[in-house]
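Novice: If you follow the hints, you should be able to join the two separate chains into one complex; please do so.
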Amino acid sequence: MKYQDYVDIYSDKGKVLGENIPIEALSPLYNPYINKLLQIVKSTVFIDLAKLQRMLAKGQVGYTTSLRQDEVKTMHQLDLDLLGNAHAIADALEKKLHVYSFNGYEDDTLVKLFNDDQCLMVRVPTLRLAIATGRDVIFTNVGLLMAQIISDMFNITPDNNPDGCGLIKTALFGRYPQMKSFNPGNPLFGFLKLPQELEGMGRGYQGVTINHLVALANKRTLDAVALATIFEQGAQFEMGNAAGWYERYNLLGMAYQGLNANNLVVDFVKENREGTVGSVIRSLMQRALEDGVIRQKGDKYPNILFSGYKLYSTDDPSLWNAYACAGLLAAVIVNIGASRAAQGISAVLATFGDLLIFESGGLPDPDFGRIMGTGLGFAFYTHSIYGGAGPGAFQMDHVLIRHTSGFFTPCVAAGMCLDSGTQIFNPQATSSIFFKIRDVLPIFQNPLKQIAESAEQIKDKFR
Amino acid sequence: MSEKKKKIKYEPQFYPGTEKVSERRRKLMDPERRLVKLRDIPDDDIVQLLGHRAPGSLYTSVHPPLDEIMEPYDPIRDLVVPTPGAQAGDRIRFVQFTDSFWSPVIAPWLRARMYFNRFRGVDTVIYSGREILEMRERDVEAATRLLIETEVFDPARTALKGLTVHGHALRLDSDGLMFDARRRYVYDKELKEVVYIKDMHARVLDDPIPVGRPLSEEELNEMDVTYRWNLTPYKSRTELLLIITRATNFRILGGFKPDLIKGM
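Residue numbers (our numbering), protein chains in the order written: chain A, 1 to 463; chain B, 1 to 264.
Extracted from the complex, chain B is given alone in its bound form (with noise of 0.2 Å):
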């Protein structure tokens, strides 16, 4: 076993499909292709959006700064890198974004595969029409900068709900936002943005946060991560089909005996 094997060249391919909400998945799942970058928000509105702690308030920690704890030997723990909130012992915390139906930059499913792509220290669930993202605090920020800023985030179709996240397969109001029971988030007409007056529990902020405008109609059809009879419709779902149904026959033949996928 110890002879060495000739180096390749790997290409990651993430995903296979020819057309655009294909090459959309690919796009959003490889960590090396960056997002483009729609809105500022400033740190202080990240932190009251979260509403785990207050602006410049001291992270609460669940256990001593890594350095300081003493644990027993394993070369392993060493090798591995920890985020700078794991270093700090920060607590678990949690962003959950509802993503509409109606045509939303980024569906829950698709931010796991995103998630686990381009973070490190994750943990996530998936749900029907929403995904929590639980990491170390300061982590969870930097996550939910990127989560929030870059074209992941449409202000009208997708939301920060950390509860009550019903809402996904509901239609949009007259604004053409997504219903929240709560209230979170509304349209300003004036400003023409989505302005959220309450936190992502729920609780009223002090002070209105802007998040930018809904985008149009025809920016969402461009950037539709769903294949809808409208617009990608089921039949250039070719590639993917194909790759499906050879995975799910793989598992049935291979989980039967594993030799019968021998080759194919």
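Next up, chain A with everything else stripped away, as it sits in the complex (with noise of 0.2 Å):
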């Protein structure tokens, strides 16, 4: 094994779910639950079939608005009975979507309805993934076979209903490929974002909305932060981030902050329940010296200044990092609980770095500033003038939150699951069905307990 680092993973009340396991064995790497909800988010896909019904009926297709989407319709409607059909629409989606299980790939295809027989879940089947260099499969695939079935089942065709073939491409595609992306809300949608779409190497991962993320934690908070952090570091270790150098980095940060790993995170939130932000940082200092995480440097000048200042050093960079980064989550916690209200998240995570350079003697912020850096454009450009979304509505690679190593999303997510109610965009509007989809895959719930339990599986492999 590379690194000799162990930790316990507790739960949000306090239990310990897994005890002495090695970090590699939470790594998206080797961790079979982490792989296997990888897996399952980059090769599912939805079909919202009571909007798709409602779109073809209405004429109303090719919007570029997410909220009221009404300023594009057609002259043309289609009045199909989608719903009513939907059980044969699954039938037949599978046996066209479905693989021989060969070349050592399983047949994997699932078509699923859900949500009252409204939402058409499909997985597709790994091999179709394997043989192509991205995701695309699971929009190209699905979305056309849906387009021949119901040519198929309502008989439409060029010859007889030319107009009516143009409105379900639309419908499924919307402008594409005259934009470069689906409407917002397209009736065909997946966890992430299209590839097309991505502006950068390797941040798949990172193409989600973060209140999908609250909502499939059901807005519990630390749950949304592990998925959260799945999703990030997925992308992470993707795009190179957490290679070599800073591997073990990204493996501490995504314990002790995402997976509360020693109940560093819960036990900073209990002292400071009725706390401030600057608490958590005293909290933060005490531990990390109790814990021998960082030292006083020395006991006389230069080390003790002329005001009685103590300097502090740290002989493990990315432990203390990932004190930090679990120091600035508690933060988040404590701040956004007591007001209830997310607005303030950017807040903190503008301004937790500057306390703690001063508290510690210039001991590094989390992740090395960058936090600061990401928070201060994040505030400023939700507020103010520049207005901008809630800091739920913002995906996990928008540009102007993506520029850490993961530990900065995790924070947005516990934050909007404690709001009660202040935000325009909240969970419940921008992503009412992923409360149901979490219903239809239990891998979304309790990710603490079974992140712990499969690295409890696996941890022997790495002594």
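What the hints contain is simulated information worked out from the structure, not anything from laboratory work.
C-beta atoms are modelled at their ideal positions from N, C-alpha and C, and glycine is treated no differently.
Where hints are given, some of them may not hold.
[To be verified] To give a feel for the contact side, a few chain B residues facing chain A, derived at Cβ under 8 Å:
#1 Val125
#2 Glu134
#3 Arg203
#4 Val204
#5 Pro233
#6 Arg237
Specialist: This is the structure we're talking about:
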């Protein structure tokens, strides 16, 4: 094994879920649960049949706004009973999509109706993904097959209804390919944004809206944090940001901030139930000193300055960063838990680093200042004349918030869970279907427990 | 990992520096240290200055009180104690201060540091000359009381400006007041106090609200929070410069390769 770091994973109630887990057993590379979750995320696509039927009936397609979606109304309508034929559609889709078990790949196609048979969940077989360069195949194949099924089922052909054919295409794919992306709120959608919309290599798993994760966690704070961490670190590993020098750095940060390792986050929150961001920083310093993560640099000048101000030093910068990131998350929880209003998330992210630097004698703030830098921009552009969306409506690869090693958006997800209804872009408004998706995909329930359990299964391999 | 580590009594240090500017910054940041109260402003006057509701009227709410909302189970949410405003479901309201460049008693960047140490449930954004503070309505009223009545408010050089915040970098007027394009406040020569004739949003008040006498130049020099050539000059920033240099060094080296800063 590469690293000699072991952690205990605790639940949000402070109960031990897994003990003495080597941090590598939590890596997206090895942890079976995280592996499976990431696999499901990139291979699953949904079709909102109710919405598709409504769009076809009204001829409202090709819109560009996410809220009202009524600025484009075509002259053509198709009154099709998709909902009444939902089961027949699901069967037909499965038949067309499935593959033979071949070349070592099992046929793991899954087509399932949920949300009162109004929504279709489709898992594209691994073989189809394996021969592809990316994950476009989930949108292209499923969308195209769906169009074929509608055409077959309701006899819509260029001969008898050419405009109907066009309407079906536009309802499913929006104005693609005239436009790079589908419409916002497209009836055909996945967890992640379309591959061609990505603005950098390896950012795939960051292409998810934070509110979707909040909904998938059913607004349970540390569950949303864990999910956001998995998506973020999945991307970090893909983009090479967690390779070599940074692997241990990312794994420790992931464990302590995202997975409540050694109950650090919950301890900080407990100690500061009625505290402030500043009091969390002092708890963090105390805990880091007690655990030997940092130490007083010396007992006389120049390590103690004339004012009595002490300098601290760390022999393990990666672990100190993990502690600082855990403190950062706790500070967001304490501040937003008090106001129960998510708008203050960015303020904490912008200021925590500054307070920590002056408290700790210059020791680096979370993610070596990347959190503070990103936080300042996030605060500036979500406030004042710049308006901007609510924090939860951001996708994790948004140009404002993507610049850290994956320790930023888990804090945003936590804050959104604690909001009691002050946000216009709340999870119910932007991501209501994901509350339902959580019910059909148990993998999103109790992520901390599932990670710890699967880490327990493999931990002996790392000794 | 489970063995118990020894308990350490940690002494917060807040900020480096030996001279009075550093000391002043430390004082404002330290929630254990009481701010000196300089003036008394009646409750209704604070409500009127903020201009969000009429004095005596009910608080408007953005959602029902927390006790009446059904929320999914979350142990973390149950752990943190909500502020009174959050508990009641108040709307989010704001107070915004502009601080003059000319020896103010506080500056925007220091406000953020102070707010996060002294207040709970804060949303704040730092700009060059002003700082907004957004909280639940009854919380923001309580915070405003502290911010106006104590030593972090100088009627002449800090001002409540909800909009048209300009004035931070402009010369003071003949009465020593910070410029305000909306003329929200004037110097009452008989009363020898600064009087607000408009609320934070520049709407004319029924009755002017006095907020006390401007602090004298000597007092301001004593309470200065900024290093400047004429008072607390550059050289005296040695400790602070050392910490900033150290932090920047760590960020650059550690950000390049974390292990480079081991033991430094």
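Novice: Indicate, hint by hint, whether the structure satisfies it.
Specialist: Hints versus structure:
A least Cβ separation of about 5 Å between Val125/B and chain A falls short of the 8 Å threshold, and the interface hint therefore holds. Residue-level restraint check for Glu134/B holds (minimum Cβ-Cβ distance to chain A is 7 Å; threshold 8 Å). Because the smallest distance between the Cβ of Arg203/B and any Cβ of chain A comes to about 20 Å, over 8 Å, the interface hint for this residue is violated. This hint is violated: Val204/B has a C-beta 25 Å from the nearest C-beta of chain A, more than the 8 Å allowed.
For Pro233/B, the suggested interface contact is broken, since its CB lies about 17 Å from the closest CB of chain A, more than 8 Å. The restraint placing Arg237/B at the interface with chain A is violated, with a minimum CB-CB distance near 12 Å, outside the 8 Å limit.
The earlier numbered hints that this structure contradicts are 3, 4, 5 and 6.
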